[in-house]
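Novice: So the protein sequences, as listed, match chains A and B.
Using numbering that gives the first Met the number 0, the letters of the first sequence correspond one by one to residues 0 to 289.
Using numbering that gives the first Met the number 0, the letters of the second sequence correspond one by one to residues 0 to 263.
Calculated from the structure, these hints are not laboratory results.
Hints are supplied without guarantee of correctness; some may be wrong.
Here are some of the chain A residues that sit facing chain B, going by a computed Cβ distance under 8 angstroms [said to hold, decoys possible]: (1) 142; (2) 176; (3) 177; (4) 187; (5) 189; (6) 194; (7) 232.
Far from chain B by the CB rule (all over 12 angstroms, computed), these chain A residues [to be verified]: (8) 34; (9) 37; (10) 53; (11) 246.
The beta carbon of each residue, even a glycine, is placed where N, CA and C say it ideally should be.
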Amino acid sequence: MTTTDQRPSAPTSPSGQLLRPPPPTWSQRLRNNRWLSFYTSPLLIALFLLAWKLYVEITDLSRFVLPPPEAVFSSFIEQITDPFVWQTHIWTTFYEVMMGLALAIVLGVGLGLLIGKSPLFDRIARPFIVGTQVVPKVALVPLFILWLGFGPSSKVVMAALLAFFPLLINTSFGIRSVPGSMHDLMTTLKASRWERFWRADLPYTMPFILAGMELAVVQATIGAIVGEYLGGDKGLGRYAVNLQNGLQVDKLFGAILIMALFGFTLYSIVTGARRLLIPWHESVQPRRTP
Amino acid sequence: MSAIKVEGVSKVFAGAGGQSMLALSDVSLDIADGEFVVLLGPSGCGKTTLLRIIGQLESPTVGRVRLDHGDRPERADRPLGFVFQEATLMPWRTTGANVALPLEMAGMGRRERTEKVREMLTLVGLPEAENKLPHQLSGGMRQRVSIARALAHDPQVLLMDEPFGALDAQTRDMMNVELQRIWLENRKTVVFVTHSVSEAVFLADRIVMLGTKPGHIHSITEVTLPRPRTIDMTESAEFRHLTAELRRQIGEVQDTEARPAVSA
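Assemble the whole structure, with the sequences as input and the hints as a guide.
Specialist: What follows is the structure, given as structure tokens:
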């Protein structure tokens, strides 16, 4: 086979002049560059660190108030390579968040489906569900600790309680937005309730559930860590309190960084699950920019 | 032999403020096996309601609909084919998988299914779209896929609720020609709802004109234009005569003084 130029020839005007779309402007090119944040994020972080360092140097601030960035960095490296931190704190918080999420998914998605499907159940249950949400939930932590002890269970309940609501709301909203014609289609095909749910309702609701998950995973992390702050023996929240009590401020910063990375990792897993579970959805499709 | 018998059907909907709304009043209609019947009428005449009652998506308040399966009783529990105003494709399924849906639900094996899906997509003129997702297709193509899906499980009756209403005029003409070709190939009994007079005349063996308030059968018109009909024929004197007459009738039923709604 002979190799020829595979590019489509550019259109020409009747007078034979080559017609090309106008070249993208400077800002359009920047906006469409998919690697943009790979350049800008490190740059902004570097600027931030520089400002931090300068501030510490100029004001001669105490290390117990704000340690310089390099001290925080070396503490962070020390902490992240310490198996004790992993086994005791990171693992405990991870366990609490995962168990809390699991609980929230079962209850939130379950009740969400029920509420979305049954207007009757919705009207009966909604006042109570809203009621549980207007209580400042952090105020419930002492109660959970009283009931369930200082161990992980009280934090699991806290994480679940915070993650529950976004899942419930998104799921019930999602199942209600299944188009009526889709229900009609399933009716004409003589679908059983079960088939209707598996083949139409659930796939339609999936993008909404995953949007709820994005919020829920953040909320569950907050729930677990706040629970540990207020009374616990293990976990990242407890770890931070210990470091504060010991005035190890550089390590406290390190712990905060670990929490941030922890949250970021969980959030990335959920966004990854999106690509895996709903590859057909607009939110996952590549964006077409003009 | 009649395939569908509509016997004395009335339908009452619960309206706002405890009022009842009579949507259809004592409608009776016989539709022959293999016939192409168009339900035509102004909005609010209950044509979609009648179609939904025939399709068992609504139950009649009074009266009944009988589907006669003649010498093929095995078709009795086979679902009807329904084409909605919107294509109603599942966005997570490829075109092929959408067409396969009724076959899956009927428990057909994978190999058989693939074969049938290809056959159906070829019938509607989209053999190359099998692996595309619905959002990659145009509106007309999506509606073709939904026709393929409605025909996939070989239903006896095909019900169509303004399937081309959302398409532009040119695409609509083309779809009408296509639908006629598909129908001539397999001769299903078709009940087709539209408010477009020319679409009705182009497609129908018989046009059932419905009037409003409450919905009732106003007139039935036989269309004897030879088949296959072409877009050119829409310019013929006979075609124009029919459309003019039907438009006059629509004006008539629209102007009818409202009869009082039945109170609950």
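Novice: Give a verdict on every hint.
Specialist: Results for each hint:
no. : hint : result
1   : 142  : violated, 43 angstroms
2   : 176  : violated, 12 angstroms
3   : 177  : violated, 11 angstroms
4   : 187  : holds, 4 angstroms
5   : 189  : holds, 5 angstroms
6   : 194  : holds, 6 angstroms
7   : 232  : violated, 46 angstroms
8   : 34   : holds, 27 angstroms
9   : 37   : holds, 29 angstroms
10  : 53   : holds, 51 angstroms
11  : 246  : holds, 55 angstroms
When each numbered hint is compared with the structure, violations occur for hints 1, 2, 3, 7.
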